[in-house]
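Residue numbers (my numbering), protein chains in the order written: chain S, 263 to 631; chain D, 263 to 631.
Be aware that one or more of the hints could be misleading.
Repeated chains share a single entry, so a pair holds when one copy, or any two copies, can fit it.
Only pairs whose alpha carbons sit at most 27 Å apart, straight line, appear in this in silico DSS-like list of lysine-lysine [to be verified]: (1) K603 x K556; (2) K383 x K282; (3) K282 x K498; (4) K520 x K304; (5) K422 x K275; (6) K520 x K400.
Everything labelled a hint here was simulated from the structure, so no lab data went into it.
Every value quoted in this text rests on a predicted model; they were computed, and no experiment measured them.
There are 2 protein chains.
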Amino acid sequence: MSKVAIVGYGLTKFSKDDFKIESVLINATKNLFDSTSNLNQKDIDAVLVSTNNNSKYLSAILSEMMGIQPKIAHSVESLCNSGTNSIVAAYSYIVSGLAELVLISGAEKYDSPGQILEWDKLRGQFKHPIFWASIFSKSYKRKYSITDEDIALVSVKNHKQSKNNPNAFSQISVSVNDVLNSKKLTDDLRLLDCSRPCTGGASILLASENIYKKFTDDPIWITGIGQKTTSASFTKNLAFHTMESTKQAALSAFQMSKQNPNNIDVVEVHDAFSVCEPMALDSIGFTKLGEGMKMVKEVYLTENSKINPRGGLIGSGHPLGATGIAQTIEITQQLQSKAGKRQVDNANVGLIHNMSAAATSSTVLVLEN
Amino acid sequence: MSKVAIVGYGLTKFSKDDFKIESVLINATKNLFDSTSNLNQKDIDAVLVSTNNNSKYLSAILSEMMGIQPKIAHSVESLCNSGTNSIVAAYSYIVSGLAELVLISGAEKYDSPGQILEWDKLRGQFKHPIFWASIFSKSYKRKYSITDEDIALVSVKNHKQSKNNPNAFSQISVSVNDVLNSKKLTDDLRLLDCSRPCTGGASILLASENIYKKFTDDPIWITGIGQKTTSASFTKNLAFHTMESTKQAALSAFQMSKQNPNNIDVVEVHDAFSVCEPMALDSIGFTKLGEGMKMVKEVYLTENSKINPRGGLIGSGHPLGATGIAQTIEITQQLQSKAGKRQVDNANVGLIHNMSAAATSSTVLVLEN
């Protein structure tokens, strides 16, 4: 069975622009074509689109606009981890032999319908993600004696790091006080604790072992895949201070890649809200449960950007269907030593954590150079 | 690499009922569970949903409602061939080793947003599929000297056959005159030439070679897969009297399965409109180009139901995301000799043709017992 390499990528700036979804898909994909050697439309066997947008047939539309006539073409949707789901689908098409080269494009508009959890309103009208994030925050703080000041550091760090990411939505520095004094949304959540829905696109190109050399001298390999969906409703979570689906996805990804948390040099975790970063770090197994915040602090104080180097979702913005792909591109660039000012030293093994709806579903990928 | 078997299935009645999309998914899946031996929720590695519905996170919702906690869970959308696209995705998950057992559920409501081709309005406001179907009809009739009376026979045959299908939307007989005298929608299309959008669901269970025996003594194997997307806009078609994407998909499926049209005992073709049936038959290669209508007539006169035994889309109804899965279930039942009054003699090799938007995208599957 073929190994699967990442051989190209393209991003748009993440913004509040009111572009049409088709334009976002096309702009990210044009950037991929511009930066990938020897890429011919005829070589592309499959075109997958990752989005929560309501438009139909977007993979065929993107294909037509780009001059591609693929064998396989469809959209993939699983809310906020649509992006990594589409990467896993592409991986399977290559390993199963149905495709050699797969283009994936993720895109979202700032007003995506995926931001409202229509089915998850056991708590009356509270169907916006900030309500599960509030419960996570309260629960994590109480369980592990963590303060609002502690958690605010996630936003400070990620805003700082996003200033080195020209595609990031945020280009400002914020202090702990700025976070604590930003608009109070709930008892446990301020505006600067939240990632921002935005317009953005991310395209990535996956190739089989047979053909990757045509496109790059520096392939990045997908060596570990783990996924788990525990429920759709956040109230079905067994606990609100830990991410069960993330734990299980990480175990699978480590098992498949024969790696472990100690070997991971750089990581993208899904900080949809600030509390999610320490929770994800300890659920993945980088630290004991409850010690994720300690890890964030240590990394921040040593000026190491190994956690969410592009600024995470909080700094970069969160265009839902593009996020998992943008995370994967960041780790790819890090492992290729092409991350510019964001570059982490000696990055050889990286990990992506992408999740949906209060971690009711998680994907974990391990990449290696 | 594992072979992939169909080991279970469940359908709902196709109707104009205003059920919620979640209910349709669940009802089809409950029917699958009720009719499949030894099926335990814990065994299911992936849950895919095929639909054009705008609701998000449906694979997680279906999983939660059915008590499944899958590794892989996402929706697949490619308009009217979403169903077979999701089957191909499931096939890949199994062959690539990421899954052993995959549940797929397709569902649609009668008012699906997939019925309007928003992007394909070069002809002003004419963005409903009846407009491409009119052009196909006019072009095919002119090119091959075929009459309205000829084409009406497709509808007569498929309405007749759907009377043996308890899940079909239509349970009435129609004559050639009934078709010709039904409401005129365009110069070349009457109401009874059209499949009806409806509410319906179809679930199917795919298993690896390692585990299929747990669920069935009568596995049906997916031996051929072909897919092609030539464009998104029907005006990009090179010709309107033939289906280019279908030709290419059929070639790939025959090559992979080492079968050819002469070996196919029973076939489901995508008769979204009556002209599509003969066009598909000759594009797949069952006859010379332009002779598909002759084949329909011959089969009809010999009272053989080998073409669209369940009544096709015209007789059964067309719940977009469910259609490709319902077609695949029909061929599975035929190859298992479990099709009741619809049973075709000596059915060992079957073919499914499922397409989108004026055959701008086609999937062809070959199944064998």
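*State whether the alpha carbon distance between K603 and K556 is at most 27 Å within one copy, between copies, both, or neither.*
Within. Shortest intra-copy distance 25 Å satisfies the 27 Å Cα cut-off; inter-copy 69 Å does not.
*At 27 Å max between alpha carbons, let me know whether K282 reaches K498 within a copy, between copies, both or neither.*
Answer is between; shortest inter-copy Cα gap is 22 Å, intra-copy 36 Å.
_Status of K275 relative to K422 across identical chains (alpha carbons, at most 27 Å)_ = within (17 Å within a copy, 57 Å between copies)
*For the identical chains here, do K520 and K304 meet the 27 Å Cα criterion within one copy, between copies, both, or neither?*
For K520 and K304, only the inter-copy Cα distance (25 Å) is at most 27 Å; the intra-copy one is 35 Å.
*What label fits K383 with K282 when the C-alpha limit is 27 Å: within, between, both, or neither?*
So K383 and K282 pass the 27 Å test across copies only (16 Å; inside, 30 Å).
*Homomeric proximity label, K520 with K400: Cα distance no greater than 27 Å*: neither (35 Å within a copy, 61 Å between copies)
Going through the hint list in order, the structure does not satisfy hint 6, though it satisfies all others.
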